[in-house]
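Chains as they are written, first to last, in the working numbering: chain S, 1 to 223; chain R, 224 to 448.
The hints are simulated quantities; they were obtained by calculation from the structure and are not laboratory data.
These numbers were taken from a predicted model, which means no experiment stands behind them.
Mixed in with the good hints there might be a few duds.
Said to hold, decoys possible - The calculated label-pair distances, taken between Cβ atoms and stated as ranges, are:
| # | chain 1 | residue 1 | chain 2 | residue 2 | range |
| --- | --- | --- | --- | --- | --- |
| 1 | S | Ala169 | R | Leu357 | 47 to 57 Å |
| 2 | S | Ala215 | R | Tyr444 | 40 to 50 Å |
| 3 | R | Ala227 | S | Ala177 | 28 to 38 Å |
| 4 | R | Pro311 | S | Phe14 | 25 to 35 Å |
| 5 | R | Glu385 | S | Ala215 | 21 to 31 Å |
| 6 | R | Glu447 | S | Ser2 | 28 to 38 Å |
| 7 | S | Phe14 | R | Ile401 | 34 to 44 Å |
| 8 | R | Leu349 | S | Glu71 | 26 to 36 Å |
| 9 | R | Ile387 | S | Gly120 | 34 to 44 Å |
Unchecked claim - List time: in silico EDC-like cross-link candidates among lysine to aspartate or glutamate, alpha-carbon distance up to 16 Å:
| # | chain 1 | residue 1 | chain 2 | residue 2 |
| --- | --- | --- | --- | --- |
| 10 | S | Lys55 | S | Glu3 |
| 11 | S | Lys67 | S | Glu85 |
| 12 | S | Lys176 | S | Asp156 |
| 13 | S | Lys55 | S | Glu85 |
| 14 | S | Lys74 | R | Asp313 |
| 15 | S | Lys67 | S | Asp8 |
| 16 | S | Lys55 | R | Asp443 |
| 17 | S | Lys216 | S | Asp188 |
| 18 | R | Lys405 | R | Glu385 |
| 19 | R | Lys405 | R | Asp305 |
| 20 | S | Lys55 | R | Glu447 |
| 21 | S | Lys55 | R | Asp266 |
| 22 | S | Lys55 | R | Asp448 |
| 23 | S | Lys67 | S | Glu3 |
| 24 | S | Lys74 | S | Glu62 |
Ideal placement from N, C-alpha and C gives every residue a C-beta, glycine not left out.
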Amino acid sequence: MSEALALDALERRFGERNALSGVSVRVPAGATLAVFGSNGAGKTTLLRVLAGLLKPHGGHAEVLGSKLPDEAWKVRGNIGYVGHESLLYRDLSIRQNLLFHARLHRVPPDRVEERIAAVGLPARASDPVRELSRGMVQRAAVARATLHHPALLLLDEPRANLDPAAAEALEPLIGKASGKTRVLVSHDVERTLAEADLSLGLRAGRQVFAGAADAKQVRELYA
Amino acid sequence: MTFAAARAILRKDLAIELRTRQSVPAMALFSVTVFVLFHFGLDRNEIEGSLASGVLWVTLLLATVLAVTRLFAAEREDAALDGILLAPVDRTAVYLAKAAALFLYLVLLEIVALPAFAVLLLGPDLTDALPELLAVLVLADIGLAGVGALVAGLASETRLRELIVPLLLLPLLVPVLIASAKATKPLLMQVSATTDLGKWLGFMALYDMVFVLLAVAVFDYLLED
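Bound conformation, chain S alone (with noise of 0.2 Å):
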């Protein structure tokens, strides 16, 4: 499979109003696709559509070679999602959390521990979620996302809440490091640029720019 994801002219609408309209890009498998755009451009909506969890309302989007929403259960297990919510429960502790994940990803139990040390997190694998720092439960994310190996990581700023060391050591994870295909959201214009190897600018939900993009171009998004 040499493309990851393929999307043309996507639309999604919320009742009413367009959320994303006629994006379209291709991504190469083990490549990045920063994306970009102000609050309530269709970053996040882009991203969940991209995960399954919203149906593609126009327009064709394949990922990871299967057709959304038709085929979204093949893919199912093959994405790792961090989002602006953790996706995990705050009545059990860290461990309880991706034990169940592991239980419904088939992975083996002992690799639990293995996430929990890579995430910094084995003193506090006992403690619920609701204890913890937006911090610990960001790196508790990260973990139940890459539990799996997941092929395809879709990031909506996960490395918000993050410490500068604590980003630094989660980098083989969820960074270029992971060798994983990535669509990437962040507002971090500099950095992101700099990991990218293709970008996507959204406007009001519409595609401004797809492919190469300079800082100047990302900027003029926000302004």
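Dock chain R against chain S, hints included.
Same frame as chain S, but now just chain R:
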């Protein structure tokens, strides 16, 4: 795989209930409170027959509403349901797990509520009728859990779920209420009476089968965008 996933979700739900103790204690406390209210409201120390049966089943039904409203509460926090939807599991696993969790909550509720009912309101001794009553309870609980999990899934993403759950659930459970109350009535009489127990158990078994199959068929669509 569906059953393995259902088992994982059920295990997680029970772990959360064990830690938070939000559903079962609330249901039990509610039921005991209602029995106390009936005790004083009816101004009677002992009731029997259709009155006893009606009080018992209406109370259990209303306690079920409390659990159904909270059945997806943990999934709503931090979008935890998305974590399940992103996994390679059939959505039916969510339904089976939620229905099983609700069934267990109801069993635990009845372990508390039945003795409380016997002490606070019931005239006749329950001991002799216990085997038949257990059969009624099991079939009624399957119906309550099967329909309750379906309605909980339907209402989980709505803002007015506290209103929608009883409005949808209670009419759907009227057949269970009728059958279980009719089946229980002769078991709660001071003097032995003729019973149509077999007929009502059969009716409940049919109801359970129809609604569980219906729920399994449609639940996938409820969790779709």
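These are the hints, each one checked on the structure:
no. : hint                            : in the structure
1   : S:Ala169 / R:Leu357: 47 to 57 Å : holds, 56 Å
2   : S:Ala215 / R:Tyr444: 40 to 50 Å : holds, 45 Å
3   : R:Ala227 / S:Ala177: 28 to 38 Å : holds, 33 Å
4   : R:Pro311 / S:Phe14: 25 to 35 Å  : holds, 27 Å
5   : R:Glu385 / S:Ala215: 21 to 31 Å : violated, 49 Å
6   : R:Glu447 / S:Ser2: 28 to 38 Å   : holds, 30 Å
7   : S:Phe14 / R:Ile401: 34 to 44 Å  : holds, 42 Å
8   : R:Leu349 / S:Glu71: 26 to 36 Å  : violated, 56 Å
9   : R:Ile387 / S:Gly120: 34 to 44 Å : holds, 43 Å
10  : S:Lys55 / S:Glu3                : violated, 21 Å
11  : S:Lys67 / S:Glu85               : violated, 26 Å
12  : S:Lys176 / S:Asp156             : holds, 15 Å
13  : S:Lys55 / S:Glu85               : violated, 20 Å
14  : S:Lys74 / R:Asp313              : holds, 11 Å
15  : S:Lys67 / S:Asp8                : holds, 12 Å
16  : S:Lys55 / R:Asp443              : holds, 14 Å
17  : S:Lys216 / S:Asp188             : holds, 13 Å
18  : R:Lys405 / R:Glu385             : violated, 29 Å
19  : R:Lys405 / R:Asp305             : violated, 42 Å
20  : S:Lys55 / R:Glu447              : holds, 8 Å
21  : S:Lys55 / R:Asp266              : violated, 58 Å
22  : S:Lys55 / R:Asp448              : holds, 6 Å
23  : S:Lys67 / S:Glu3                : holds, 13 Å
24  : S:Lys74 / S:Glu62               : holds, 11 Å
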